[in-house]
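Trainee: Protein sequences appear in the order of chains A, B and C.
So the first sequence is residues 1 to 356, counted in my numbering.
So the second sequence is residues 1 to 365, counted in my numbering.
So the third sequence is residues 1 to 337, counted in my numbering.
Worth flagging that the hints you see were computed from the coordinates, not collected in a lab.
The structure presented is a predicted model; accordingly, all values stated were derived computationally and were not measured.
Any given hint might turn out to be false.
[Said to hold, decoys possible] Computed footprint of chain C on chain A, listed as stretches where at least three residues anywhere in the stretch have a Cβ under 8 Å from a Cβ of chain C:
1. 62 to 75
2. 94 to 103
3. 106 to 114
4. 121 to 134
Positions of the beta carbon are idealized from the N, C-alpha and C atoms, including for glycine.
Chain by chain, the residues:
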Amino acid sequence: MTTLTPESSRGPAPSPGSHYLEVADLQVHFTTDDGVVKSVDGLSFHLDRGQTLGIVGESGSGKSVTSMAVMGLHTAKNAHISGSIKLGGQELVGADKETVRKLRGKNMAMIFQDPLSSMHPFYTVGNQIVEAYRIHNDVSRKAARAHAIEMLDRVGIPEPGKRVDAFPHQFSGGMRQRAMIAMSLSCDPDLLIADEPTTALDVTVQAQILDLIRDLQKEFDSAVVIITHDLGVVAELADDILVMYAGRAAEYGSAEQLFNSPEHPYTWGLLGSMPRFDKAPTDRLLPIKGTPPSLIQVPEGCAFNPRCDFQPRVGSACLVERPDLHDNGGDHFVACHIPPAERQKIWAQEISPRLS
Amino acid sequence: MTTSETEPTPAVDTTTTPRHASRTPDRERENLLEVEDLVKHFPIKGGFLSGSKSAVQAVDGVSFTVRRGETFSIVGESGCGKSTTARLITRLLEPTAGKVTFEGKDITHLSDGRMRPLRRDIQMIFQDPYSSLNPRHTVGKIVGAPYKLQGVEPEGGRKKAVQALLQTVGLSPEHYNRYPHEFSGGQRQRIGIARTLALKPRLIVADEPVSALDVSIQAQVVNLLEDLQQELDLTYVMIAHDLSVVRHVSDRVAVMYLGKIVEIGDRDDLYDRPRHPYTVAMLSAVPVPDTKRRHQRERIRLQGDVPSPINPPTACRFHTRCWKAQEICRTEEPLLLQIGTGAESGHQVACHFPEEPSGPAGIPG
Amino acid sequence: MISYIIRRLIAAVGLVIVITMITFAIFYLMPRLAGATPETLATRYVGRTATGATVEQTAQRLGFYDPVPVQYWHWLTGVVNGTEFDIGSGVEKCPRPCLGYSFRNKDPVTPEIMRRLPVSFSLAVGAAVLWLTFGVATGVLSALRRGSFFDRAAMTVALAGVSMPIFWTGVMSLSLFSYKLGWTPPGGQYTKLSDNPLEWAHGLLLPWITLALLFSAQYARLTRAGMLETMGEDYIRTARAKGLRERRVVVKHGLRAALTPIVTIFGLDFGLLIGSAVLTETVFGLPGLGQLAIDGTKNNDLPQVLGVVLLIAVFVAIANLVVDLLYAVIDPRVRTK
Numbered sequence: 001m002t003t004l005t006p007e008s009s010r011g012p013a014p015s016p017g018s019h020y021l022e023v024a025d026l027q028v029h030f031t032t033d034d035g036v037v038k039s040v041d042g043l044s045f046h047l048d049r050g051q052t053l054g055i056v057g058e059s060g061s062g063k064s065v066t067s068m069a070v071m072g073l074h075t076a077k078n079a080h081i082s083g084s085i086k087l088g089g090q091e092l093v094g095a096d097k098e099t100v101r102k103l104r105g106k107n108m109a110m111i112f113q114d115p116l117s118s119m120h121p122f123y124t125v126g127n128q129i130v131e132a133y134r135i136h137n138d139v140s141r142k143a144a145r146a147h148a149i150e151m152l153d154r155v156g157i158p159e160p161g162k163r164v165d166a167f168p169h170q171f172s173g174g175m176r177q178r179a180m181i182a183m184s185l186s187c188d189p190d191l192l193i194a195d196e197p198t199t200a201l202d203v204t205v206q207a208q209i210l211d212l213i214r215d216l217q218k219e220f221d222s223a224v225v226i227i228t229h230d231l232g233v234v235a236e237l238a239d240d241i242l243v244m245y246a247g248r249a250a251e252y253g254s255a256e257q258l259f260n261s262p263e264h265p266y267t268w269g270l271l272g273s274m275p276r277f278d279k280a281p282t283d284r285l286l287p288i289k290g291t292p293p294s295l296i297q298v299p300e301g302c303a304f305n306p307r308c309d310f311q312p313r314v315g316s317a318c319l320v321e322r323p324d325l326h327d328n329g330g331d332h333f334v335a336c337h338i339p340p341a342e343r344q345k346i347w348a349q350e351i352s353p354r355l356s
Numbered sequence: 001m002t003t004s005e006t007e008p009t010p011a012v013d014t015t016t017t018p019r020h021a022s023r024t025p026d027r028e029r030e031n032l033l034e035v036e037d038l039v040k041h042f043p044i045k046g047g048f049l050s051g052s053k054s055a056v057q058a059v060d061g062v063s064f065t066v067r068r069g070e071t072f073s074i075v076g077e078s079g080c081g082k083s084t085t086a087r088l089i090t091r092l093l094e095p096t097a098g099k100v101t102f103e104g105k106d107i108t109h110l111s112d113g114r115m116r117p118l119r120r121d122i123q124m125i126f127q128d129p130y131s132s133l134n135p136r137h138t139v140g141k142i143v144g145a146p147y148k149l150q151g152v153e154p155e156g157g158r159k160k161a162v163q164a165l166l167q168t169v170g171l172s173p174e175h176y177n178r179y180p181h182e183f184s185g186g187q188r189q190r191i192g193i194a195r196t197l198a199l200k201p202r203l204i205v206a207d208e209p210v211s212a213l214d215v216s217i218q219a220q221v222v223n224l225l226e227d228l229q230q231e232l233d234l235t236y237v238m239i240a241h242d243l244s245v246v247r248h249v250s251d252r253v254a255v256m257y258l259g260k261i262v263e264i265g266d267r268d269d270l271y272d273r274p275r276h277p278y279t280v281a282m283l284s285a286v287p288v289p290d291t292k293r294r295h296q297r298e299r300i301r302l303q304g305d306v307p308s309p310i311n312p313p314t315a316c317r318f319h320t321r322c323w324k325a326q327e328i329c330r331t332e333e334p335l336l337l338q339i340g341t342g343a344e345s346g347h348q349v350a351c352h353f354p355e356e357p358s359g360p361a362g363i364p365g
Numbered sequence: 001m002i003s004y005i006i007r008r009l010i011a012a013v014g015l016v017i018v019i020t021m022i023t024f025a026i027f028y029l030m031p032r033l034a035g036a037t038p039e040t041l042a043t044r045y046v047g048r049t050a051t052g053a054t055v056e057q058t059a060q061r062l063g064f065y066d067p068v069p070v071q072y073w074h075w076l077t078g079v080v081n082g083t084e085f086d087i088g089s090g091v092e093k094c095p096r097p098c099l100g101y102s103f104r105n106k107d108p109v110t111p112e113i114m115r116r117l118p119v120s121f122s123l124a125v126g127a128a129v130l131w132l133t134f135g136v137a138t139g140v141l142s143a144l145r146r147g148s149f150f151d152r153a154a155m156t157v158a159l160a161g162v163s164m165p166i167f168w169t170g171v172m173s174l175s176l177f178s179y180k181l182g183w184t185p186p187g188g189q190y191t192k193l194s195d196n197p198l199e200w201a202h203g204l205l206l207p208w209i210t211l212a213l214l215f216s217a218q219y220a221r222l223t224r225a226g227m228l229e230t231m232g233e234d235y236i237r238t239a240r241a242k243g244l245r246e247r248r249v250v251v252k253h254g255l256r257a258a259l260t261p262i263v264t265i266f267g268l269d270f271g272l273l274i275g276s277a278v279l280t281e282t283v284f285g286l287p288g289l290g291q292l293a294i295d296g297t298k299n300n301d302l303p304q305v306l307g308v309v310l311l312i313a314v315f316v317a318i319a320n321l322v323v324d325l326l327y328a329v330i331d332p333r334v335r336t337k
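Please model the complete structure; the sequences and the hints are all you need to start from.
Mentor: In structure tokens:
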């Protein structure tokens with residue numbers, strides 16, 4: 001068993017040593033009057049160009065805080081970031097603000113959950129794309145506008161020459177998200193972070209947007225991080241999946257490993273909580289007991305222990321020692337005190353049969 | 001500070017027959033709620049200079065029946081009129097036309113005063129567990145409010161009744177004197193559910209009851225709703241956009257598009273043998289948590305967006321996005337007609353060219 | 001957009017008409033309810049020494065015996081078309097806009113108001129420029145450095161500014177800058193802008209600063225609150241994610257949205273201030289409209305007061321109209337709905 005290092009290969013296209021995005025032991029803490037909120041507390045992962053990483057977790061798991069840290073968007077004074085975030089080999093943690101700003105939008109871009117509130121209501125869609133393009137490209141307004149129209153066309157907005165002068169509120173929800181994507185891709189970024197990109201959208205529109213992200217990724221050969229609470233969405237898009245709980249990685253592996261042989265009790269709980277659309281209807285859902293922990297007082301030992309059905313079988317280790325992310329041997333990382341062989345047995349004999 | 005939540009152990013025996021797996025609706029059961037040609041148009045005020053009056057045709061001729069003890073769900077995308085329908089049934093909105101019959105009684109245009117006794121029988125659960133509870137009232141006061149409003153004195157006193165209700169929904173009686181902000185989202189939704197149960201309603205209309213909750217909490221609440229239904233003989237009308245959750249909880253499902261029901265049927269008929277192209281497209285769009293299926297699945301990509309309900313397309317409202325649309329779809333409105341036979345006789349679809357039973361969605365049962 | 005403008009215009013005209021009705025009712029109807037008769041009203045013009053017959057005649061000529069709606073109509077047509085008055089000393093022409101005859105000096109009200117309007121207008125414009133500049137700038141800086149020394153100091157000063165009455169700040173600044181240091185001329189002087197712009201500004205400097213201090217404080221607090229809210233919006237995060245410089249994020253994305261409510265309040269404040277900077281005008285002895293209104297009130301000179309009130313109403317209505325149109329310029333959601 002080895003702990004996760006940047007050299008570990010993950011996913012179908014291993015390129016050891018030089019991943020486009022490398023996050024190591026990331027910590028994002030916020031000092032508040034009530035105490036220190038440890039939103040992200042020792043997180044490591046990496047991603048190559050052309051690959052998609054899905055980060056899954058419930059509210060408060062730290063998934064959005066992580067993406068904001070990568071983008072350098074934690075501007076609040078009470079935010080303390082440590083660890084390492086390397087983008088194309090360049091260290092971002094502790095880097096000069098101006099350096100990170102120049103990377104934002106150009107090398108890394110982001111799309112958000114609610115495209116209506118994420119676009120400025122007073123400026124036309126075209127102007128917002130033009131603005132994004134011209135920060136990083138020294139071109140005339142006319143050229144930038146032509147580029148904006150081209151981008152709108154590329155993301156499937158009909159009559160882009162006309163729609164470029166429309167305001168966000170004149171677009172439908174799906175069209176707005178397309179426009180957001182056009183804006184974020186206007187400078188051809190190498191890394192695209194999509195934070196719950198389809199949560200606010202209807203199911204048929206969601207399908208369109210997921211297809212669009214997939215197609216554009218192929219075309220631009222970018223690295224994509226998709227952050228969501230919906231396991232269905234990551235199953236559609238992700239090559240690798242990182243399951244987060246209370247600011248840490250619970251499980252990290254390929255999408256196939258996570259869905260077909262998950263080893264962390266929290267992942268089992270998530271799978272049991274979802275009604276399965278692809279299988280015969282079950283009698284009852286199998287929820288996780290209790291509620292997510294407060295990030296000010298994270299439980300001692302394994303943060304998941306109060307909600308874990310298997311903690312009594314393992315014993316006191318779960319209550320006192322925080323489990324690290326370990327490779328189970330198959331390039332599949334799990335932070336759990338249950339021995340790997342035992343975990344695999346529990347999945348095969350107890351969990352898997354109840355899910356189908 | 002969030003009160004730690006113990007394993008929700010509703011005071012309900014849940015180990016009885018596995019009912020949900022084989023939800024075969026009992027066609028013999030009597031109708032609790034009948035909705036006929038329900039219409040709701042919201043007029044749009046055009047200032048006093050622009051005289052032309054138009055209306056948002058939110059619900060435009062919807063008919064269905066809900067049988068006692070079943071879960072009837074209405075699904076559809078935003079703007080299809082499902083939430084408006086819920087508010088019409090519970091008479092939070094006044095229908096423009098049509099008829100709502102509850103237990104054989106026409107309640108369509110009952111005055112507030114005449115409606116009040118019926119409010120005990122028909123209750124509503126809302127989506128947002130944060131805004132629907134008064135932050136300045138204790139849990140005891142919130143859950144006990146219906147007793148006060150209706151002037152009912154439960155046996156053994158209000159406090160005891162409220163504490164029993166809290167236990168029923170998996171909370172602790174000690175939570176009586178706490179305030180909503182001390183609870184997590186899932187617990188707040190439980191408080192909301194306890195409140196709706198106070199007067200022993202017969203029909204609960206739940207508008208997106210779990211969509212604001214985290215996945216693990218969502219499952220707890222779904223299970224709770226199912227347990228309560230069995231124990232208290234409740235009838236649910238569920239409004240939801242999550243097709244997986246709807247499939248899990250429903251006996252029968254209606255699909256709405258732009259103010260009209262396009263398909264209605266027993267859960268398995270509708271999910272396994274969808275007939276309306278819109279239903280087929282919607283089901284095929286649901287992301288499935290299975291990586292193996294990612295590359296095999298045939299997905300129907302609907303083009304464009306839902307048209308505006310102010311000026312909906314003529315005849316079949318889906319024709320602008322339908323891959324099967326012919327001339328007749330633009331000129332003649334398809335009626336909601338029975339399509340199945342035998343055990344599937346409750347399956348109705350409003351389409352000139354319905355899909356064959358083994359449609360391309362082909363989700364294995 | 002055009003229909004929007006037309007609708008707003010009609011609303012503004014309607015507003016002015018309603019205000020004239022209300023003021024007319026207050027000034028002409030209320031005295032009657034309180035026991036005044038047409039005769040007592042007419043006495044104000046002809047004096048107490050006149051005989052009962054003269055009084056009656058005057059009341060007759062001035063239409064005081066007519067029903068109130070008729071009187072209102074006469075007054076309104078007077079405003080629109082001008083009218084003729086006969087208060088006993090022969091018929092006098094009162095050209096439009098005729099706001100009536102002063103009870104006291106028997107002169108038409110309009111010319112006096114027009115004489116004083118530039119004073120009040122100059123005072124309001126200069127003060128507005130100052131308070132907008134300082135108030136908004138302070139508010140933005142405070143919001144951006146929330147919790148800093150600057151923020152706390154600025155907000156303390158702002159609180160003090162709001163709390164200090166003009167008759168105190170005004171008198172203190174006069175005694176210091178004018179009488180002690182001699183930097184500014186003493187009160188009671190007004191030079192027309194067309195005569196000598198420099199003198200005009202010099203003479204108004206202290207009143208401007210005094211008035212601006214009060215309003216800057218309010219606007220700083222408003223701007224700060226607005227900026228704090230706006231800078232937390234999702235679109236600000238988007239602007240930063242694009243890689244914009246912070247200055248551009250603040251000014252182009254944050255401030256523009258935060259200013260919307262301030263524009264509304266500014267329109268009303270400015271319109272009102274034209275006729276109601278009474279304290280400032282009194283302290284600095286400026287012959288403005290506020291003083292005229294006060295004089296009118298003191299002397300029971302109803303036409304004079306009514307004239308000023310109508311003018312203020314017109315200004316408020318215009319300011320409202322301008323605000324509504326500005327809104328449409330600032331926020332596209334208003335004009336494309």
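Trainee: Each hint should be assessed against the structure and marked as holding or not.
Mentor: Taking the hints in turn, this is what the structure says about them:
Only when three residues or more bring their CB closer than 8 Å to a CB of chain C does the claim for the region 62 to 75 of chain A stand; here the count is 3, and the claim holds. Figure legend: the region 94 to 103 of chain A, annotated as covered by chain C; annotation consistent (3 residues with Cβ-Cβ distances under 8 Å, at least 3 required). Counting residues of the region 106 to 114 of chain A whose C-beta sits closer than 8 Å to any C-beta of chain C gives 5, which meets the bar of three, so the coverage hint holds. Only residues whose beta carbon comes within less than 8 Å of a beta carbon in chain C count, and the region 121 to 134 of chain A has 5; three or more means the coverage holds.
Violation of the numbered hints given earlier is absent; every hint is satisfied by the structure.
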